[in-house]
Amino acid sequence: MKALLARGWVRAVIGLVAPALFLIWWQVQALSGGAHALAFAPLESVGAAFVELAVQGSLFSDMAATLSRSLSGLAIGGALGIALGVAMAIWRPLDRLLNPLLQAIRQVPLMGWLPLLGLWVGTGQGTELIVVSLSAFFPTLLNSYEGVAGVERRFLEVGQVYGFTPWQRFRLILLPGAMPLILTGLTQGLAFAWIASIASEILLGVGGGLGVTMQLAQMQQRLDIILVAILVTAALGFTINQLFLRLRQHLLRWQAPLR
Amino acid sequence: MASTALRAPAAPAPRRQSPLASLLAPVVLLALWQLLCLSGVFPPQVLVPPSEVGRTLSQLAETGELQRHVGESMARLALGFTIGALAGLAFGAAIALSRLAEAALAPFFFAVWQVPVIAFVPMLVIFLGIDEQFKVAIVVLAAFFPVALAAFDGVRGVPGAWLEVARVYRTRLPDLVLRILVPATLPAVVTGLRVALTRAWVVLIAAELLAADSGIGQMMEMGRQMFRIDVVLAGVVVSGVIGFLLDRGAKAVERRASRWRTA
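Chains as they are written, first to last, in the numbering used here: chain U, 1103 to 1361; chain F, 706 to 968.
Okay, chain U solo, but in the shape it has when bound (with noise of 0.2 Å):
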């Protein structure tokens, strides 16, 4: 048994058994007419919901839509959330100042912000898109504090030595070090703003995109389009943090493989 879980293809067929059983299941459950049988769809139907949402073009506009929902989101609450990181682990009053009121805000359920955001700027996109900005705007805060806050004093010192002025000691030995960590909570943005970008298209509605897509189908009880946005979800999610670990691996690739 052993020797033959070694080999790959043996081990590709039997991770192929599960998935397998649970499509035979599922297109069991919809032809059988049971209770649920409505919300089982057919697998055919799934394939040409896919393929009808393909030829619309609706599903890349959803993709693109979404896209670039994570993407402005990311850039907001990412450039907000280096800045104030290195800000305030330069600059400690400012620490003293904000951190309270950060850590507070961050104790908030993401979506609970909704409603009240609701109040403030409406139901509209322009809340998605805060809320898809205060997802990445933490993870990228926090690394880049902890980035500046941990770079080695020795390399501090080198520069006491060498009389850099602090511009010169922010721009060749803080940010350098910091690097890693602030493109660490890049990645980790990224990776929130994508699922927070799902999320408030879901509870909203507006604006198009893939989440956007189930919550309408989900009304009009149209189960092969939101397993189709599901997939696509799964699929571009993977896609686009894959590629954002392997930028970040390239822009690092001076740094000693250390861990």
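These are calculated hints, taken from the structure and not from any lab test.
Predicted model only: the values in this text are computed from it and were never measured.
By construction, the Cβ of each residue, glycine as well, lies at the ideal position given by its N, Cα and C atoms.
One or more of the hints may lead you astray.
[Said to hold, decoys possible] Coverage of chain U stretches by chain F, computed from C-beta distances (three or more under 8 Å per stretch; other residues unrestricted): (1) 1119 to 1126; (2) 1155 to 1165; (3) 1300 to 1306; (4) 1324 to 1331.
[Unchecked claim] Covered by chain U, according to a simulated footprint, are these stretches of chain F (three or more residues, beta-carbon under 8 Å): (5) 798 to 810; (6) 821 to 831; (7) 946 to 954.
Once you've looked at the hints, dock chain F against the given chain U.
Frame of chain U, contents of chain F only:
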């Protein structure tokens, strides 16, 4: 995405502070908020002072409405988290211990894991409706994945040498489990449980916003629909405090669980 998304970002290292100083910050914050409102920069439709939020909270508590919402939310969280965590523990340990189980189930598990839990909401609504089952089910899902992964990592991380020693001493299975596997995996599992609890709470609030007849999320959503900014803010405060307490409690358990390591 896998590992980065799972691990919650580290909070800034706790600084040594006297209890008084750490109490000072929230007090200053509340005072600023109150002053901001008294100064009249914001009309009361936009922001009400904390005193008003406090009054609303005590009114909600007097009528018992607050207790009902908090109780409902916590009951859902407790039930869903217990089911999800137990299933996650069993599943994670199973795929860590058996190569066959890993080959058979791990690829499927990691594929499903790529889907944000919240994206299952529309599908679950179709299957389960918008009643209690749906909200518990989404909490189960949110709790299952982090715990399963932590249990998998934990069991896989038990040093082989420990198991060899156990073999040399001919340790019986119950002893092997209770005296080696459980203590060795406990820190990782408890960390997974903490992450799962936080996730479950966040997802539950989202689900309650969408569809519920009670719970903190629903209280906020109703407040929004009735333009009661005080109720919405009260909900924000209550959900924040609950989130904070859950996290604090879980961290305390976590420290105890891994105490033997550093000691």
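Results for each hint:
1. With a threshold of 8 Å between beta carbons, the proposed coverage of the segment 1119 to 1126 of chain U by chain F holds, since 4 of its residues qualify and at least three are required.
2. With a threshold of 8 Å between beta carbons, the proposed coverage of the segment 1155 to 1165 of chain U by chain F is violated, since 0 of its residues qualify and at least three are required.
3. Coverage of the segment 1300 to 1306 of chain U by chain F holds [criterion: at least 3 residues with CB-CB distance below 8 Å; count 4].
4. Here the segment 1324 to 1331 of chain U counts 4 residues with a CB under 8 Å from a CB of chain F, which clears the bar of 3, and the coverage holds.
5. Residues of the segment 798 to 810 of chain F lying with their CB closer than 8 Å to a CB of chain U number 5, which satisfies the three-residue condition for coverage.
6. Closer than 8 Å: that is the beta-carbon criterion, and the segment 821 to 831 of chain F has 9 residues meeting it against chain U, so the requirement of 3 holds.
7. Coverage of the segment 946 to 954 of chain F by chain U holds [criterion: at least 3 residues with CB-CB distance below 8 Å; count 4].
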